[in-house]
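Spelled out from the first residue to the last, the chains are:
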Amino acid sequence: MARMTMIEAVRSAMDVSMGRDENVVVFGEDVGYFGGVFRCTQGLQAKYGKTRCFDAPISESGIVGTAIGMAAYGLKPCVEIQFADYMYPAYDQITQEAARIRYRSNGDFTCPIVLRMPTGGGIFGGQTHSQSPEALFTHVCGLKVIVPSNPYDAKGLLISAIEDPDPVMFLEPKRLYNGPFDGHHERPVTPWSKHELGDVPEGHYTIPIGKAEIRRKGSAVTVVAYGTMVHVALAAAEETGIDAEVIDLRSLLPLDLDTIVQSVTKTGRCVVVHEATLTSGFGAELVSLVQEHCFYHLEAPVVRVTGWDTPYPHAQEWDYFPGPARVGRALTEVMEA
Amino acid sequence: MSDLDRLSLHVPEPAVRPGGQPDFSNVKIPKAGSVPRPEVDVAPEDIRDLAFSIIRVLNRDGEAVGPWAGLLSDAELLAGLRHMMMLRAFDARMLMAQRQGKTSFYMQHLGEEAVSCAFRRALRKGDMNFPTYRQAGLLIADDYPMVEMMNQIFSNESDPCHGRQLPVMYTSKEHGFFTISGNLATQYVQAVGWAMASAIKNDTRIAAGWIGDGSTAESDFHSALVFASTYRAPVILNIVNNQWAISTFQGIARGGSGTFAARGLGFGIPALRVDGNDYLAVYAVARWAAERARRNLGPTLIEYVTYRVGAHSTSDDPSAYRPKTESEAWPLGDPVLRLKKHLIVRGAWSEERHAQAEAEIMDEVIQAQKKAEIHGTLHAGGKPSVRDIFEGVYAEMPPHIRRQRQKAGY
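Sequence lines, in order, name chains A and B. Residues 1 to 337 (the numbering used here) make up the first sequence, in order. Residues 338 to 747 (the numbering used here) make up the second sequence, in order.
One or more hints might be untrue.
[Unchecked claim] Computed list of lysine-lysine pairs in DSSO-like fashion (alpha-carbon distance at most 30 Å, straight line): (1) B/K510 to B/K538; (2) A/K266 to B/K744; (3) B/K708 to B/K462; (4) B/K744 to B/K720; (5) A/K266 to A/K211; (6) B/K462 to A/K50; (7) A/K217 to A/K194; (8) B/K510 to B/K707; (9) A/K211 to B/K744; (10) A/K50 to B/K538; (11) A/K50 to B/K510; (12) B/K661 to B/K365; (13) B/K707 to B/K720; (14) B/K661 to B/K678; (15) B/K510 to B/K708; (16) B/K720 to B/K510; (17) B/K744 to B/K707; (18) B/K365 to A/K47.
[Said to hold, decoys possible] Label-pair distances were calculated between CB atoms; the ranges are: (19) A/Y33 to B/S594: 33 to 41 Å; (20) B/N520 to A/Y33: 29 to 37 Å; (21) A/E336 to B/K744: 33 to 41 Å; (22) A/G126 to B/D653: 23 to 31 Å; (23) A/V37 to B/I589: 37 to 45 Å; (24) B/Y747 to A/G203: 38 to 46 Å; (25) A/D258 to B/F442: 39 to 47 Å; (26) A/K50 to B/N520: 29 to 37 Å; (27) A/E299 to B/F442: 48 to 56 Å; (28) A/H139 to B/G356: 30 to 38 Å; (29) A/Q127 to B/D540: 40 to 48 Å; (30) B/E628 to A/Y33: 31 to 39 Å.
Honestly, the hints are just simulated from the structure, not real lab data. Here the structure is a predicted model, which means the values were calculated and not measured. Where is the CB? At the ideal position from N, CA and C, for every residue including glycine.
Just chain A, same shape as in the assembly (with noise of 0.2 Å):
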């Protein structure tokens, strides 16, 4: 085991799936020499070479393109696309290319890409830095979709994510790439190093695509969170002291439903949080599923806790970014309805 940051732990996934198969790539911007603007990829080039980690052109469809030329030839490129920002030049790739090729070619050609992205706000990133696009990933069949809240989640994650035969989302909330960040912006960041899931083997390990994680066992109200906001709902849930249960859910596309029933089941209220914009985001994806299959069981109206409905602002970051104090009155109300 040693200690890793989420930087160091996708960094650790990377490396161990190279390592351990030659058709593994990493590529795009500035990934290579450099080691990427958050340096994931450091090292990686000096390892194992210019032609499996290299830099591409500032071209995110093109990355993403020949990711997928690649893949149909028989490697597994694992790609970085700058910010999740950038990923829409590559949208087309992604949603009507990437996702289809096995469904349309009956499985005669194949597409095992994972398409690494930071995402989310919090770092005073504005507008084009800052979203959260999950939910224009999760409405297309085909691919799948992860969001890690801790480095342990990260590389297990990653390195599943690589050896799956299918095209994969990976969004890394940046905001956690070097401690967890429970929404107080201005207290000092704990780092990962201080916390127990920042202890991560240094060797191979995997964590199943679809499978959540309790975070927090409570028996009052379900919080259904993934990524940053993970750490907002347990801080939430400690400073209320209300005794909820808070769900990481991990991997949004195929999504753990059974933890989510049985949790809202037990608990009868539910409160779901994301940092993405509310309206169509994957929180009301999660609010129809609770609906359905736990109706019988609720206590109260599901709540979504969320970014508002306007692109992210610079200045004003910190009443946009949900945190603990908003998902804190979410609870409460929940619990008073």
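Based on these hints, arrange chain B on the given structure of chain A.
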């Protein structure tokens, strides 16, 4: 205040519209045999003029002339003629089948048969094409079973795509034919990725990307050229300039670049224009480009100058946007008739044998169609299972799709 005139937008228009006299005086056609054949390791900057000329081998008398001639034997040329005739007969039958309601849609190759049929012969087993919807000749020239193509078109119980794909969107890894996307240009950059992978693995196989003149306006076209140029990918980047992108003439996508091939020059990619209705020229240029790729010399861009004689698809009516007789005025002629004439000039063929072959080929296509129809057509006979809707979205079916399949009763 400025004393300049007000600005106005330039919107290109084709020379002629329906009711007018066809006019191809703007297509500058050099004499057959007049364009030099450079060595494959030539510096791209030394052959810039090839992006503005047209490489031709067959002259008006049916003779093969010039430095690009002499690569194919009689037997190979007869095979090529047969492939083109087969594709034409296949088109005719499938067009009729669509009109009879046996399928929803079809796209024919009329006038463009030489491009894909000749190109395929320059590739080797294991190479990979990333085609568009008008390169079925790649399959026919590789002896892919015609019945399978028809099964796909009819979306019947034996459709290799299990009824999931639009007709003519074939797939065959074994025959080097990547699953076709209806979204334009996406496959162009995928071809570059496949070629890069082959180079990463120090393999010997090469890739070919395909695009139409209109789709060169898509950003993926430019992405493909950037990646191909940057990494010197072993890929042949084909542009089939058939003059029409549905109803939009090629001048709309071309802009001020002069030719589509010229777009390769800015990327440092050797770019050649070839007479797309000349089987021998297409083969010669494709082989030149394939040799460059195999010798690790990087990508080549080829523009095939041809003409889409038929409609864009069975949903299109070309008489609404171009003169009805325009195809007859196309100055580069008919690829089948030109190769036929050449073989007759060589003494390897005759009018009688051609007529006989036409009848035999049509009979072969009809027999294939009968075999395919045993497995059903779109609205009659055997169909893929409804269960096939749910299969194959992922390697392993996730719980939510399984629940939906069960809800559908399967």
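Original post:
When you check the alpha-carbon spacing of B/K365 and A/K47, does it fall within 30 Å?
Top reply: violated (54 Å)
**OP:** Look at the Cβ atoms of B/Y747 and A/G203 and judge whether their distance stays inside 38 to 46 Å.
**Re:** Since B/Y747 and A/G203 have Cβ atoms about 42 Å apart, the given range 38 to 46 Å holds.
Subject >> Verdict for A/E336, B/K744 (Cβ pair) under range 33 to 41 Å >> reply: Cβ of A/E336 to Cβ of B/K744: about 37 Å, so the range 33 to 41 Å holds.
Original post:
Are the Cα atoms of B/K744 and B/K720 separated by 30 Å or less?
Top reply: holds (20 Å)
**OP:** Compare the distance between the alpha carbons of B/K510 and B/K708 with 30 Å, and conclude whether the hinted pair is satisfied.
**Re:** holds (23 Å)
Subject >> Restraint check for A/K266 with A/K211, where alpha carbons must lie at most 30 Å apart >> reply: holds (19 Å)
Subject >> C-beta pair B/E628, A/Y33: status relative to the range 31 to 39 Å that was hinted >> reply: holds (33 Å)
Original post:
For the pair A/V37 and B/I589, does the Cβ-Cβ distance stay inside 37 to 45 Å?
Top reply: holds (39 Å)
**OP:** Note whether the CB distance of A/G126 and B/D653 lies within 23 to 31 Å or breaks it.
**Re:** Given range 23 to 31 Å: violated, Cβ gap about 46 Å.
Original post:
Do the Cβ positions of A/H139 and B/G356 conform to the proposed distance bound of 30 to 38 Å?
Top reply: For B/G356 against A/H139, whose Cβ atoms are near 48 Å apart, the range 30 to 38 Å is violated.
**OP:** Measure nothing beyond the straight line between the CA atoms of B/K707 and B/K720; if it is 30 Å or shorter, mark the hint as holding.
**Re:** Holds: B/K707 and B/K720 sit about 16 Å apart, inside 30 Å.
Original post:
Going straight from one Cα to the other, do B/K744 and B/K707 come out at no more than 30 Å?
Top reply: This hinted pair is violated, its Cα atoms lying about 36 Å apart.
Going down the numbered hints, you'll see the structure goes against 17, 18, 22, 28, while the others check out.
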